[in-house]
Amino acid sequence: MKTSSVIKILLVEDDEDDYFIIKDYLSEAALQFEIEWVNNYNSFIEHLNNTDADLVITDYLLGSTSGIEVLKKVKEVNPVLPVMILTGKGNTSIDMEAMKLGAADYLIKGSFDASSLERSVRYVIERSNSIKILKENEHYQSTLSKLSSTDRIVKMLAHEVKNPLTSILLCAEQLKELLGDNEEMATYIDIIARNSSRINLLVSNLLDSTRFGDVKLEKLNVIDVLKATVLLATDRIKLSGINLIESYPEPYIAVEIDEEKMKIALLNIIINAVEALEVGKGSINIKVIKDQKNVRIHIIDNGPGMTDETKEKLFEPFFTSKPKGSGLGLASVQNIILSHRGKIEVVSKPANGAEFIISLPMVE
Numbered sequence: 001m002k003t004s005s006v007i008k009i010l011l012v013e014d015d016e017d018d019y020f021i022i023k024d025y026l027s028e029a030a031l032q033f034e035i036e037w038v039n040n041y042n043s044f045i046e047h048l049n050n051t052d053a054d055l056v057i058t059d060y061l062l063g064s065t066s067g068i069e070v071l072k073k074v075k076e077v078n079p080v081l082p083v084m085i086l087t088g089k090g091n092t093s094i095d096m097e098a099m100k101l102g103a104a105d106y107l108i109k110g111s112f113d114a115s116s117l118e119r120s121v122r123y124v125i126e127r128s129n130s131i132k133i134l135k136e137n138e139h140y141q142s143t144l145s146k147l148s149s150t151d152r153i154v155k156m157l158a159h160e161v162k163n164p165l166t167s168i169l170l171c172a173e174q175l176k177e178l179l180g181d182n183e184e185m186a187t188y189i190d191i192i193a194r195n196s197s198r199i200n201l202l203v204s205n206l207l208d209s210t211r212f213g214d215v216k217l218e219k220l221n222v223i224d225v226l227k228a229t230v231l232l233a234t235d236r237i238k239l240s241g242i243n244l245i246e247s248y249p250e251p252y253i254a255v256e257i258d259e260e261k262m263k264i265a266l267l268n269i270i271i272n273a274v275e276a277l278e279v280g281k282g283s284i285n286i287k288v289i290k291d292q293k294n295v296r297i298h299i300i301d302n303g304p305g306m307t308d309e310t311k312e313k314l315f316e317p318f319f320t321s322k323p324k325g326s327g328l329g330l331a332s333v334q335n336i337i338l339s340h341r342g343k344i345e346v347v348s349k350p351a352n353g354a355e356f357i358i359s360l361p362m363v364e
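Going by the numbering used here, the first residue of the sequence shown is number 1, and it counts up by one from there.
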């Protein structure tokens, strides 16, 4: 979603004169624009994968190819990136084809001025933002619904497991007292008690991982909370010989959070990063970035990274890549973040480390 004051445009136009006209028009606008110009389809392809543009504007006629091909390619690579097409007069069929393929708007060359161009761009950006917000809300509500259903099932199962488990533990303790010095039987009873306690802990962790919305919000400085969390992990970081880099844009950023739960979520991610790194060779970079409405916490490591398949399952209960892990830590982290109406995402590729990004709404 567009939040910065500069609107970035990728302009695909093979006529340099038209490029300067569009650039001049947009320079007169009240909004601030940054234009990245390419003059052929091949250059456009090179730029598309790395661009951070908010909008693509393309001429229909591009030598041996057309703006329709540009539109199709954008929809293939980045479906949410809006595209405007510039056409000639009388090309109604082209205009209709472009709109059917997902063009955000079209303008007829020679029939628009600086004001109408700015108005059209503003409309496209606002509509694009609205669609992104709608999709985010749909995803949020869908996640809420799934978590609510999971919560009910887990509570029922936990009740059915915990009651007999408590009886098993009590009986094990009673048997140990009755058998006295029988070491062989005591060994078996210890195994029963130890594994029963392990199951009890797993059930408790599962309940914690699915408990959604139970947060006590208060206005706090997220920088202080983050620094306090890092302090909790300091011993683990130092013992592992990890280089820690912290970057904060300013000393105070207000958010409404449950301090203890947020510390649990952040600490879980940091410890996961520590455990993924090779002793003496790893680094963790923690940085905070603000936009107009949200604060983003980036926790980046240079570890082994993860596959797309792992990323898709990362927040599922019981999924873990650790031999002794329960697979409930990151499921709990996601629930905590969502309880704060925040978002969490992961950027990672094999052998390229991992980056966890937590986004939280700021308050005045």
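Calculated from the structure, these hints are not laboratory results. Possibly wrong hints are sitting among the right ones.
[To be verified] No farther apart than 25 Å at their CA atoms in a straight line, the calculated lysine-lysine pairs in the BS3-like style are these:
| id | residue 1 | residue 2 |
| --- | --- | --- |
| 1 | Lys293 | Lys227 |
| 2 | Lys287 | Lys349 |
| 3 | Lys281 | Lys132 |
| 4 | Lys293 | Lys349 |
| 5 | Lys100 | Lys135 |
| 6 | Lys132 | Lys109 |
| 7 | Lys75 | Lys8 |
| 8 | Lys290 | Lys135 |
| 9 | Lys73 | Lys162 |
| 10 | Lys109 | Lys75 |
These are the hints, each one checked on the structure:
Taken as a hint, the Lys293 and Lys227 pair is honoured in the structure, with Cα atoms around 22 Å apart against an allowance of 25 Å. Between Lys287 and Lys349 the CA atoms are separated by roughly 20 Å; this keeps the pair inside 25 Å, and the hint holds. The hinted pair formed by Lys281 and Lys132 fails the criterion: a straight-line CA distance of about 40 Å is larger than 25 Å. Distance hint between Lys293 and Lys349 is unfulfilled; the C-alpha atoms sit about 29 Å from each other, more than 25 Å.
Proposed proximity of Lys100 and Lys135 is supported: the alpha carbons are some 20 Å apart, at most 25 Å. Annotation: proposed proximity of Lys132 to Lys109 is violated, straight-line Cα distance about 29 Å (limit 25 Å). The hinted pair formed by Lys75 and Lys8 meets the criterion: a straight-line CA distance of about 18 Å does not exceed 25 Å. Only pairs whose Cα atoms come within 25 Å are accepted, and Lys290 paired with Lys135 is accepted, the gap being roughly 22 Å.
Between Lys73 and Lys162 the CA atoms are separated by roughly 55 Å; this puts the pair beyond 25 Å, and the hint is violated. Simply put, Lys109 and Lys75 have alpha-carbon atoms about 23 Å apart, close enough for the 25 Å limit, and the pair holds.
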